[in-house]
Every structure is written in structure tokens, then in C-alpha cells.
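Peer 1: Next come the chains, spelled out residue by residue.
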Amino acid sequence: MTPETWHPDEDALAALATGGSVTPRVTDHVAGCPRCAAEVEGLRATAELLREGDAGLTSPPPSVWAAIRSALDEDDRGSAHPGDLPARGPEATSSSGSPRSHPASSPRRGSFVRAVSPWWLAAAVVVGIVLGGVGRGWVGPDTGTGDEAVLAATTLETLDDGTRRGSADAVRVAGGLDLDVSTEDLEDDGGYLEVWLITEDLTRMVSLGVLRPGEASQRFAISQDLLDQGYVVVDISREEFDDQPQHSGDSVARGTLRL
Amino acid sequence: MALTVVRDSPDDPDDLAVRLRAGDRGALEEAYTRWSGLVHTLALRSLGDHHDAEDVTQQVFVAAWRGRHTLDPDRGSVPGWLVGITRHRVADVHAARARAARDADAVAAQDPGRAGPPPVDDRLAARLLLADALEHLGEPRASAIRLAVVDELTHEEVARRLDLPLGTVKSHIRRGLAALRTHLEEVTRDDA
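Residue numbers (the numbering used here), protein chains in the order written: chain W, 809 to 1067; chain D, 5 to 196.
Since the hints were derived computationally from the structure, they do not count as laboratory data. Here a beta-carbon is modelled for each residue, glycine too, at the ideal position from N, C-alpha and C. Do not take every clue at face value.
[Said to hold, decoys possible] If you want the ones that stay clear, here's a sample from chain W, every Cβ over 10 Å from chain D, calculated:
#1 A822
#2 S829
#3 R833
#4 V834
#5 A839
#6 A853
#7 L857
#8 W873
#9 R972
#10 D997
[Said to hold, decoys possible] Every beta carbon over 10 Å from chain W, so not counted as near; a handful from chain D, in silico:
#11 A26
#12 E33
#13 G41
#14 P77
#15 L138
#16 H140
#17 I149
#18 D167
#19 R185
[As the list claims (entries may be wrong)] Derived Cβ-Cβ restraints for the label pairs, each shown as a range:
#20 W:V1014 - D:D126: 29 to 39 Å
#21 D:R79 - W:P832: 32 to 42 Å
#22 W:S867 - D:R25: 20 to 30 Å
#23 D:H140 - W:E1048: 25 to 35 Å
#24 W:P1053 - D:R79: 33 to 43 Å
#25 W:D836 - D:H140: 16 to 26 Å
#26 D:R29 - W:A845: 43 to 53 Å
#27 D:T158 - W:A845: 16 to 26 Å
#28 D:A95 - W:D968: 22 to 32 Å
#29 W:P842 - D:E160: 24 to 34 Å
#30 D:L170 - W:P842: 39 to 49 Å
#31 D:D126 - W:A845: 34 to 44 Å
Here chain D stands alone, though its shape is the one from the complex (with noise of 0.2 Å):
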């Protein structure tokens, strides 16, 4: 499994997660602040329904809060680890609603609608996880991902937009985008 250290953020990420782990409670509001919206919107997005993703957003900062001693700076980024909390909390709703399902339709015929809970996106969580971190990517580097990547322009044309030279721009697409790889390893890496 890829375990990769993610050093790359101008949000300084790792002081976040120190003084999470630390027991610091401004950090977890930090955190609530920042990714809030990644955690409720995975969570949305997965169970459709705004009580259950409320639900699950609340549990899952209190658990961030009683198990931020499982927060290993070393081995992931505070989001990476929120949104793998995230996951479980939006399979147990799932497996929950399969089951009140299972009883609900124990003697009657099976609803081919209800076949399992189905699960829990993984492209979702990657692609809500890899849009909030090019927001926080910083700059130039968020913009030239964005023109060379999301626009498609060629690197000389970015060099061009940014008035910045082919190398650096270059080195800023190669650097942002192994940035951002790293998150995706989190979201599809072991995590059971």
C-alpha cells in the first residue's frame, strides 16, 4: 500500500493535526470549518437524504474528537483521514437501511430495488477530496493545474496566462498534481 506523506499544503496541515492529536479544541473547530462541508457533502451525496447527512456529520467530528489519537500526521492529511471516517459512518447508515429493508420485506418478495447498499463512492469521496485540496493548493500553483488540467490549455499556453516561464509552470503542474495524487491514494488505499 502507498503511504505517502502529504507536505505539500500552504494551509500547513500537519500544525493542524499536531494540535488536533494534542487534544486542542480550536483545532477540531479549525478542522470544522475547513472540511465540514467535504464531510457533509460526501455524506449527502452517499445517503441522499439531509437528516442522515447531518447525522453522520456530527459523528463524525465527535469521533474525530474521542479517536484523534488514531490522527497519524505521517501517514495522511487531516481530510484524507475525516473522509475515511466519513465512509464508515455513511456504510453503517447504508448497512442499517438494508437491514430495516431485510425486515421490513422478510415475507414478501425481494425488492430487486433494495438488492444491498451500495457502496460508498469511492470517485465521489476522491473527486470531493481533490477539489477542496486544489482550492487550498495556493498560488500559482492552484492556477496552473487549473488551465493545464480542468481547461486542458497546453503548458505554453498556461506559461503564457501566468506570464511565468515554461519551466516553472512545468514544475508547478508536476509538483501540484503529485500533490494532489496523494490524496487520492488516501481515499483508495486500505481503509477497512
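Bound-form chain W, shown alone (with noise of 0.2 Å):
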């Protein structure tokens, strides 16, 4: 064995790491070799947080564990199938909802302000980023037109590859703010199509209405006050004309307004 290719063994590394005795060869090698310093340094910085230790672990209250299996049974029974697709849209459940409020109430169906499933969200989380980045491009000073001035403004994507179907533009307009929807090559496939606005960090939704079939662009009133509150997600759902008011998980486009 030659000094170049002698490594001192893993047990010597770790008794460096954790300040037991080594001989003098380790200590030298381990300051000359890149790869054995790493290991150590790994090992050391592990063993550092270790001791550094923790005061101990807080559990939830009972209620947590209550509202989790309460939303896990809803996603059971709701017509959505959450968690197969992380980048579908919202689920027919509130299973983010308050567990502090209702530790294991049944879903909110038909509320007009609905949780939204996590995993819908980092999904959508993404696509705001993206599309964020595109809205920003064309929200100009010089895009109002007559006595109404464009607030903020955003294409509407579809979720899978980005297929542009649209845009919505946040319009200031005498008495208050109209969101501003134009579609292109939608398909309602026998049910209709329903806009929303959703918070940016996505934990809650509202229904804005439907738009009508074949027409390119409509409006939507909305207030300053839900932009201010954060809902700044446009999303536009497929639904089924059934009993379940939520919003149905199958969005077909979404962008993100800038304000």
C-alpha cells in the first residue's frame, strides 16, 4: 500500500469526527485529502447538531389527527381523485380547511369560499410562477383603454403544457374593478365552464360565475378588496352540471394576476 492511496479506515474518520483519538497519520492525511476532510466534516457537523440536542417534541392536539382523517374520508367519498395527479386542479374537498374551528366538521359543501387540497396547491404554486412571469411582461401603463386602466394582467394557461387559452385583465372601471376574461378553444365537454379567483397561497377560492358558451370575452365584477386579500389566482374549471357547487378539480387554464 502506498501513501497515495492509503485512506485512513471509516472508524478512524468517525473517532476524528467526534473528537476521539486518532494517530498522528490520520490527522495528516485527513488535512491533505479532500475526500476524507469531507467525510469528516459530514460526520462532525452531524454529530455538532447532535449535540445541540432539543428540548423535546410538541404533539398536535387530538383535533389535528380528527381533521386529517375527516378530509382523507372525504376524499373517499368525493367525486375527485386527489393524489393521483398533483398538478390537477382544486379537489372537491376542504380538506385544508381550520382543524382549530372545526376540528372534524364535514366538508363546506355549496360555501362560497373553499379550501383548497395542498397538493393542488404546489402544483399551482408553479404555474403562478411561470405565468407570472408572462404577465408581467404586458401590464403597461399604456394598456387602458378609454377611462378604464388594466391593474394587472395575466395569460391563462392550460396546466399540462402550457397552452395558452386566454388571458384576464383586472380593469378599473367607474364604481369599482370588472375581471376582464377572454377565452379561446375551451371546451365545456357537455357541462360549463366556471371562473374563479383563488389567494395566492392558494388556501382559499371564489366562484366569480360562468362563462358563456362561444363568447370570447366577459366580465366579472370583482372588488379591490379581494385582489388586496390576495385572491390573484384566475382559474377557469370544467364542471358537470351535478350537486356539487365545489369547484369540480379539473381546471382547464389558470394564470396569475401581478398586481
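Using the supplied hints, reconstruct the complex from the two chains, each of which is provided in its own coordinate frame.
Peer 2: Structure below.
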């Protein structure tokens, strides 16, 4: 064994990392060997964190598990199939609702503001970031027409491949704000298309209304309050004529307004 | 990026991971029993608010269930995976708070105390994960690590206290530390 190929055994490196006794040969080698030095450093960092220790863990109250179970039970009953596709639309559940006020409450079907499932949120955040970049490019001071001023805009794109399906502008009009939604090539598949505003932290959503079939552009009344509270994700879902007032989970286009 | 197979726990987390992936609700309940304290404590310390921490804990386990197909037993442990989800949820709450603060202060002067969301504390996540992993390292390995690393006894002293040969003790320390380090890598590697 030549000096060039010799490395201390792992016990020796672990000893060095934990303050154990090692021979000078080991110390000298590690000082000049990046590989062994990295190994020792990794073990030393682990040892340091272990030494810092921790004062102990705080368990969540039982209501949290009850809320989780309730959310999963709702998944089982719901029409959506959560978990299969992280990039799918909002699910037909109120899974991330507040466990503190309703630890095991049944889903708030029909409520106007609904909770959105975490998995969907992650996907939407990604989409929002991508679309945000697109939207910002064409929000400008010269986009206003007449007395109207565009406060924010976004393209609406499909979730799976980012195909452009339209655009949405938040427009200041006399007496308030409108959301001007232009769409193209959206299929309702025998159902209808519903427009939603969703918070960017993706915890709540509001239904703005239904798109008239065949109409290229349509306006919905919104409010500054909504935007201020973070409802800036514009989402169009495909809905069926059923007894499920909540978002179907089938998002056909989406974009995030940049204020 | 370091990808390390974690297969050094007597708890057999692989089995739990496999069952969880396969859609076994009992596996989720076991994971909750075992790691809800870890998740909740990380959220609580990061957010400083019981309600937010409980919300995050709930979201993490619901997300874990719905995203169970993303759990790759070859890529990391169940607790490392849960901590990763937790850190994203915690970051979401911080971002929402920052936005709320920005909206509230839109006109007022910038409050220096709210310069932006603090990063999720990597060190805290790693420390909690390691403390938890040490608890379940199995004996006498956990004791060897505690005595040698936490109490900083010499390996000879550890061997005497545990009444084990010095070579055995060294091996336990080396293997235990290496197993624990993989948890550290789970927290610090790419999780964007």
C-alpha cells in the first residue's frame, strides 16, 4: 500500500469527527485529502447537531388527526381522485380547512369560500410563478382604454403543457373593478365553464360565475378587497351539471394576476 | 447531490414507506403517530403560532397521503420526506404573512421588522430530525452515540460503560453517525 492510495478506515474518520483519539498519520492524511476531509466534516456537522440536542417535541392536539381523517374520508367519497395527479385542479374537498374551529367538521359544501387541497396548491404555485413572468411583461401604463385602466393582467394557460387559452385583466371601471376574461378553444364537454379567483397562498377560492358558451370575452365584477386579500389566481374549471357546487378539480386554464 | 439510501433503522421505515405508497391508511396513521410531533414541532418553532402549526401539521399529512406516490423509499426516509413537505408548507405561511404585511403597510413606511419571510430554519429541521432519528436508532448504538457524541466521552470510556469491546463501540459510533448523517443530507439537499 503506497502512501498515495492509503486512506484511514471509517472508524478512524468517525473517531476524528467525534473527538476520539487517532494517530498522527490519520490527522496528517485528512489535512491533505479532500475526500477524507469531506467525510469527517459531514460526520462532524452531524455530531454538532446531535450535541445541540433538542428540548423535545410538542405533539399536536387530537383535533389535528381528526381533521386529517375527515379530509381523507372526504377524498374517498368525493368525485375527484386526489393524489393521482398533483397538477390537477382544486379538489372537491375542504381538506385544508381550519382544524381549530372545526376539528372534524364535514366539508362546507356550497360555501362560497372554500379551502383548497395542499397538493393542488403546490402545482398552482409553480404555475403561478411561470405565468407571473408572462403576465408582468405586458402590464403597462398604456394598456388602459378610455377611462379604464388595467391594474393587472395574466395569460391563462393549460396546466399540463402551458398552452395559451386566453387572458384575464383586472380593470378599473367607474364604480369598481372588473375581471375581463378572454378565452379561446375551451371545451365544456357538455358541462359548463366556471371562473374562479383563488388566493395566491392557495387556501381560499371564490367563484365569479359561469362563462357563456361561444363568447370570446366576458366581464365579472370583482373588488379591490378581493385583490388586496390575495385572490389573484384566475382559474377556469370545467364543471358538470351535478350536485357539487365546489370546484370540480378539472382546471382547463389558469394564470396569476400580478399587481 | 448526495442521494443516500437510508436502510439502517430497526423501525423498518422501508416497510412503512412501501405500505404508504400502496395506499394503506394504517401506514399513514403509523406515520402520524410516529412523526406528527416532529412535523408539528418544526412548524410551531418556525411559525411561533399554535393555530398555524396545527394547520400546517394537518396539511402535511393530508398532502403526504395524496402525494404518497411521490414517496421514493430509495431516495430518502419517510421522516425526511415529511420534513420536506413541512418546510414547504411553513414557507407558504411565511409568504402569506409577508404578503399580508405588505398589503397592510402598502402606504406606510417599510417596517424593518417585516423585511421578508425568514427562511425555514434548516438547522432546526436537521436538529429535530436527528434527535428523532437518534431516539429510534436502536441499542446499544443509540447509547454509544449519546455517550460519545453528546456527552463527549472517549471511546474507551464508552466501551467501559456499555461493557462492550472497543472495536464494537467504534463500529457502532461509525455506523450510527453515518446513518444519522443521511438524515442531515435529506434536509440540506435540493428540495426546491
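Peer 1: Does each hint fit the structure? Answer for all of them.
Peer 2: Okay, the hints, checked on the actual structure:
For W:A822, the shortest C-beta to C-beta distance to chain D comes to about 4 Å, within the 10 Å cut-off, and the non-interface label is violated. With a minimum CB-CB distance of about 7 Å to chain D, W:S829 fails to clear the 10 Å threshold, and the non-interface call is violated. Listed as outside the interface, W:R833 is consistent with that label: its C-beta sits roughly 17 Å from the nearest C-beta of chain D, beyond the 10 Å cut-off. At roughly 13 Å, the least C-beta separation between W:V834 and chain D is larger than 10 Å, which holds for a residue marked as non-interface.
Non-interface call for W:A839 relative to chain D: holds, since the shortest CB-CB distance, roughly 20 Å, exceeds 10 Å. A cut-off of 10 Å between C-beta atoms contradicts the statement that W:A853 is not in contact with chain D; the least separation is 7 Å. Non-interface status of W:L857 relative to chain D is broken: a Cβ of that chain comes within 10 Å, the nearest being about 5 Å off. For W:W873, the non-interface assignment is contradicted: its Cβ lies about 6 Å from the closest Cβ of chain D, within the 10 Å cut-off.
Its beta-carbon lying about 26 Å from the closest one in chain D, W:R972 satisfies the requirement of being farther than 10 Å from that chain. With a closest Cβ-Cβ approach of about 25 Å to chain D, W:D997 is found to remain outside the 10 Å limit, as its non-interface label requires. Taking the minimum C-beta to C-beta distance to chain W, about 12 Å, the non-interface status of D:A26 holds against the 10 Å cut. At the 10 Å boundary, the C-beta of D:E33 falls inside the reach of chain W, the nearest C-beta of that chain being 8 Å off.
Once the 10 Å rule is applied to beta carbons, D:G41 is inconsistent with being away from chain W; the minimum gap is 4 Å. No Cβ of chain W comes within 10 Å of the Cβ of D:P77; the nearest lies about 17 Å off, and the non-interface call holds. Consistency note on D:L138: stated as away from chain W, yet its beta-carbon is not over 10 Å from all of that chain's, at 6 Å minimum. Remark: the non-interface label on D:H140 is consistent with the geometry, its nearest Cβ contact in chain W lying 13 Å away (cut-off 10 Å).
Remark: the non-interface label on D:I149 conflicts with the geometry, its nearest Cβ contact in chain W lying 7 Å away (cut-off 10 Å). D:D167, annotated as away from the interface, keeps every beta carbon of chain W farther than 10 Å; the closest lies near 19 Å. Chain W draws D:R185 into its interface by the beta-carbon criterion, the shortest separation being 4 Å against a cut-off of 10 Å. Judged by the Cβ atoms, the range 29 to 39 Å given for W:V1014 and D:D126 holds: they are separated by roughly 36 Å.
Separated by about 40 Å at the C-beta atoms, D:R79 and W:P832 satisfy the suggested range of 32 to 42 Å. In this structure, W:S867 and D:R25 meet the distance hint of 20 to 30 Å, their C-beta atoms being roughly 25 Å apart. Against the hinted window of 25 to 35 Å, the Cβ-Cβ separation of D:H140 and W:E1048 comes to about 48 Å, which falls outside the hint. As the Cβ distance of W:P1053 to D:R79 is approximately 40 Å, the hint placing it in 33 to 43 Å holds.
For W:D836 and D:H140, the Cβ-Cβ distance of about 37 Å falls outside the hinted range of 16 to 26 Å, so the restraint is violated. Taking 43 to 53 Å as the suggested C-beta distance range, the pair D:R29 and W:A845 conforms, at roughly 47 Å. For D:T158 paired with W:A845, a C-beta distance near 23 Å keeps the hint of 16 to 26 Å intact. Checked against the hint of 22 to 32 Å, the pair D:A95 and W:D968 passes, with Cβ atoms roughly 25 Å apart.
Range check, W:P842 to D:E160: about 30 Å between beta-carbon atoms, so the 24 to 34 Å window is met. Between D:L170 and W:P842, the C-beta spacing of about 29 Å breaks the proposed range 39 to 49 Å. Distance hint check for D:D126 and W:A845: the Cβ-Cβ separation is about 22 Å, which falls outside the suggested range of 34 to 44 Å.
Of the numbered hints stated above, those contradicted by the structure are hints 1, 2, 6, 7, 8, 12, 13, 15, 17, 19, 23, 25, 30, 31, listed in ascending order.
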